[in-house]
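**Student:** Spelled out from the first residue to the last, the chains are:
Protein chains: 2
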Amino acid sequence: MDLNLSLNNSKGLLLSEWINSVFDSYPVESGKFLKNGKNRFSNPVGYNIAKDLETLFDFIINYSDSNKPKIRESLNNFLKIRVVQDFDPSVTINFFLNLKKIIYSNLNGHLNNTNDLDNLMDLFNTIDSIALEAVDIFVSLKAKIYEIKANEMKNRFGKMADRIMKKYGIDENFDNDTNLSEGS
Amino acid sequence: MDLNLSLNNSKGLLLSEWINSVFDSYPVESGKFLKNGKNRFSNPVGYNIAKDLETLFDFIINYSDSNKPKIRESLNNFLKIRVVQDFDPSVTINFFLNLKKIIYSNLNGHLNNTNDLDNLMDLFNTIDSIALEAVDIFVSLKAKIYEIKANEMKNRFGKMADRIMKKYGIDENFDNDTNLSEGS
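Residue numbers (our numbering), protein chains in the order written: chain A, 234 to 417; chain B, 234 to 417.
Treat the hints with care, as some may be off.
[Claimed, not checked] Using 30 Å as the maximum straight-line C-alpha spacing, the simulated DSSO-like pairs for lysine-lysine come out as follows:
(1) B:Lys-334 / B:Lys-303
(2) A:Lys-377 / B:Lys-334
(3) A:Lys-313 / B:Lys-375
(4) B:Lys-387 / B:Lys-399
(5) A:Lys-377 / B:Lys-399
(6) B:Lys-375 / A:Lys-301
(7) B:Lys-377 / A:Lys-334
(8) B:Lys-303 / A:Lys-387
(9) A:Lys-268 / A:Lys-375
(10) A:Lys-313 / B:Lys-387
(11) A:Lys-313 / B:Lys-399
(12) B:Lys-399 / A:Lys-301
(13) A:Lys-301 / A:Lys-313
(14) B:Lys-334 / B:Lys-375
(15) A:Lys-377 / B:Lys-387
(16) A:Lys-377 / A:Lys-387
(17) A:Lys-313 / A:Lys-334
(18) B:Lys-303 / A:Lys-399
(19) A:Lys-382 / B:Lys-303
(20) B:Lys-375 / B:Lys-303
(21) A:Lys-334 / B:Lys-333
(22) A:Lys-303 / B:Lys-303
(23) A:Lys-399 / B:Lys-333
(24) B:Lys-284 / A:Lys-301
(25) A:Lys-284 / A:Lys-334
(26) A:Lys-333 / B:Lys-382
[Claimed, not checked] Not everything, but these chain A residues come out facing chain B in the computed CB check (under 10 Å):
(27) Asp-235
(28) Thr-288
(29) Lys-334
(30) Leu-356
(31) Phe-357
(32) Met-386
(33) Lys-400
[To be verified] Some chain B residues judged to face chain A by a derived CB distance under 7 Å, without partners named:
(34) Phe-290
(35) Phe-292
(36) Phe-320
(37) Pro-322
(38) Ile-326
(39) Phe-328
(40) Asn-345
Please keep in mind that the hints were generated in silico from the structure rather than gathered at the bench.
Here the structure is a predicted model, which means the values were calculated and not measured.
Virtual Cβ for every residue (Gly too), placed ideally from N, Cα, C.
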């Protein structure tokens with residue numbers, strides 16, 4: 234069995250199962266909406282998820298090191314939405330691992346020898362490494378949100394301090410061991 | 234082939250490969266130290282990593298839903314050290330996925346039929362689900378660190394504001410639309 238050929242031939246089926254597994258992770262009504270009509274303008278979130286997953290699917294089954302930057306870009310687009318929508322990391326990362334189950338259940342019975350199995354394991358390792366890349370991106374996107382919140386807090390306190398100082402005519406060097414830039 | 238029996242019989246070999254793959258992720262000198270003599274008192278970090286991974290290994294190859302709380306506890310112990318030591322999430326989560334490669338390379342050639350393969354896939358799915366649990370725990374431990382930092386910042390600003398107000402005899406209701414509890 235030529236694994237690559239077989240996956241390219243079943244692309245439509247595998248990809249639609251994969252995309253639907255992502256839409257099913259949304260609350261029932263949203264999931265239904267996302268599934269219905271992947272039109273760029275009437276359903277931009279559904280359209281973008283489907284587009285990013287198709288790009289990733291092609292990169293996964295025709296994997297090469299030179300595609301890494303493009304894979305990272307697609308992962309970033311897909312994960313940005315999930316982080317902002319506050320999905321659990323495990324639910325999000327599971328989509329990548331899930332693709333293996335979808336592939337295995339569609340290939341089952343067509344694995345004829347050790348060579349086929351080795352090729353399948355190589356593909357699964359590739360999917361795992363993309364899932365790990367997704368973990369790093371997910372964590373760094375989360376970290377960015379925390380940084381934004383921390384900066385907002387700093388700004389709020391800074392403005393409050395400015396207001397106090399302005400109102401009472403306090404010089405910003407009022408205290409030798411403390412100034413407003415502390416903690417920046 | 235009885236997969237479970239085979240894994241229990243090879244436990245020593247598989248576990249030591251797995252533990253060494255974790256130690257190898259540390260800088261060379263630390264890795265060497267961690268590997269040498271897993272004594273509870275002279276090498277507590279190495280000892281604890283090896284202990285947590287053995288517990289996890291037993292839970293994985295004899296998996297049952299009732300063990301989930303214990304698995305979570307072992308993961309938490311293992312991940313706490315990694316988060317504090319500031320390891321990349323992907324490097325850390327990879328240890329769990331890595332166990333599959335170790336198992337596959339040791340079993341290779343002993344998979345005789347579709348049933349064996351289905352059992353192996355079930356085991357790999359179990360390992361994946363434990364890796365996903367690890368992702369959630371890793372992210373929540375990271376979030377805790379961010380919260381601690383945010384609280385420290387709040388305290389520092391709060392103390393600074395207190396100092397200004399004390400020094401200038403300012404009432405805490407100095408400004409109707411602003412007080413120090415804002416942003417808590």
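**Student:** All the hints need checking, so say for each whether the structure fits it.
**Tutor:** The hints, checked one at a time:
Between the alpha carbons of Lys-334 of chain B and Lys-303 of chain B the distance comes to roughly 24 Å, so the proposed pair stays at or under 30 Å and holds. For the given pair, Lys-377 of chain A sits about 33 Å from Lys-334 of chain B by alpha-carbon distance, which is inconsistent with the 30 Å threshold. The straight-line distance between the Cα atoms of Lys-313 of chain A and Lys-375 of chain B is roughly 18 Å, inside the 30 Å bound, and the hint therefore holds. A hinted pair counts as satisfied when its Cα atoms are at most 30 Å apart, and Lys-387 of chain B with Lys-399 of chain B qualifies at roughly 18 Å.
Between Lys-377 of chain A and Lys-399 of chain B the CA atoms are separated by roughly 36 Å; this puts the pair beyond 30 Å, and the hint is violated. Proposed proximity of Lys-375 of chain B and Lys-301 of chain A is supported: the alpha carbons are some 26 Å apart, at most 30 Å. With a C-alpha separation of about 33 Å, the suggested pairing of Lys-377 of chain B with Lys-334 of chain A is violated against the 30 Å cut-off. A threshold of 30 Å between alpha carbons decides the hint, and for Lys-303 of chain B with Lys-387 of chain A the separation of about 40 Å lies outside it, so the pair is violated.
This hinted pair checks out: Lys-268 of chain A and Lys-375 of chain A have alpha carbons roughly 27 Å apart, not beyond 30 Å. With a C-alpha separation of about 28 Å, the suggested pair Lys-313 of chain A and Lys-387 of chain B falls inside the 30 Å cut-off, and the hint holds. The straight-line distance between the Cα atoms of Lys-313 of chain A and Lys-399 of chain B is roughly 45 Å, outside the 30 Å bound, and the hint therefore fails. Proposed proximity of Lys-399 of chain B and Lys-301 of chain A is contradicted: the alpha carbons are some 57 Å apart, above 30 Å.
Only pairs whose Cα atoms come within 30 Å are accepted, and Lys-301 of chain A paired with Lys-313 of chain A is accepted, the gap being roughly 18 Å. Note on Lys-334 of chain B and Lys-375 of chain B: the hinted pairing holds, with a Cα-Cα distance of about 28 Å set against a maximum of 30 Å. With a C-alpha separation of about 19 Å, the suggested pair Lys-377 of chain A and Lys-387 of chain B falls inside the 30 Å cut-off, and the hint holds. Under the criterion of a C-alpha separation no larger than 30 Å, the hint pairing Lys-377 of chain A with Lys-387 of chain A is consistent with the structure, at around 15 Å.
In summary, the hint linking Lys-313 of chain A to Lys-334 of chain A is supported, as the alpha carbons are separated by about 25 Å, within the 30 Å threshold. The hinted pair formed by Lys-303 of chain B and Lys-399 of chain A fails the criterion: a straight-line CA distance of about 57 Å is larger than 30 Å. Only pairs whose Cα atoms come within 30 Å are accepted, and Lys-382 of chain A paired with Lys-303 of chain B is rejected, the gap being roughly 34 Å. Taken as a hint, the Lys-375 of chain B and Lys-303 of chain B pair is honoured in the structure, with Cα atoms around 21 Å apart against an allowance of 30 Å.
For the hint pairing Lys-334 of chain A with Lys-333 of chain B, the CA-to-CA distance comes to about 15 Å; that is within 30 Å, so the pair holds. A hinted pair counts as satisfied when its Cα atoms are at most 30 Å apart, and Lys-303 of chain A with Lys-303 of chain B does not qualify at roughly 40 Å. With a C-alpha separation of about 64 Å, the suggested pairing of Lys-399 of chain A with Lys-333 of chain B is violated against the 30 Å cut-off. Taken as a hint, the Lys-284 of chain B and Lys-301 of chain A pair is broken in the structure, with Cα atoms around 36 Å apart against an allowance of 30 Å.
Distance check on the hinted pair: Lys-284 of chain A and Lys-334 of chain A sit about 21 Å apart at the alpha-carbon level, within 30 Å; holds. Straight-line distance between C-alpha atoms of Lys-333 of chain A and Lys-382 of chain B comes to about 39 Å, which puts the hinted pair past the 30 Å bound. Evaluation of the Asp-235 of chain A hint against chain B yields a violated restraint, the C-beta minimum of about 19 Å exceeding 10 Å. At its closest, the beta carbon of Thr-288 of chain A sits 21 Å from a beta carbon of chain B; the interface hint therefore is violated under the 10 Å criterion.
Given hint, Lys-334 of chain A at the interface with chain B, holds; its Cβ is 7 Å from that chain's nearest Cβ, closer than 10 Å. Interface restraint check for Leu-356 of chain A: the shortest CB-CB distance to chain B comes to about 13 Å, outside 10 Å, so the restraint is violated. Satisfaction of the interface hint for Phe-357 of chain A is found here, the shortest Cβ-Cβ separation to chain B being roughly 8 Å, below the 10 Å cut-off. Residue-level restraint check for Met-386 of chain A holds (minimum Cβ-Cβ distance to chain B is 6 Å; threshold 10 Å).
Taken as an interface hint, Lys-400 of chain A checks out: its beta carbon lies about 7 Å from the nearest beta carbon of chain B, inside 10 Å. Here the hint on Phe-290 of chain B is broken, as its CB sits about 19 Å from the closest CB of chain A, past 7 Å. Here the hint on Phe-292 of chain B is broken, as its CB sits about 18 Å from the closest CB of chain A, past 7 Å. For Phe-320 of chain B, the interface hint is violated, the least distance from its beta-carbon to any beta-carbon of chain A being 11 Å, above 7 Å.
Because the closest C-beta pair between Pro-322 of chain B and chain A is about 5 Å apart, less than 7 Å, the hint holds. At its closest, the beta carbon of Ile-326 of chain B sits 5 Å from a beta carbon of chain A; the interface hint therefore holds under the 7 Å criterion. Among the interface hints, the one on Phe-328 of chain B is violated; its C-beta lies about 11 Å from the nearest C-beta in chain A, farther than the 7 Å criterion. Interface restraint check: Asn-345 of chain B against chain A, minimum CB-CB distance 11 Å, threshold 7 Å, status violated.
Hint compliance for this structure: hints 2, 5, 7, 8, 11, 12, 18, 19, 22, 23, 24, 26, 27, 28, 30, 34, 35, 36, 39 and 40 are not met, and every other hint is.
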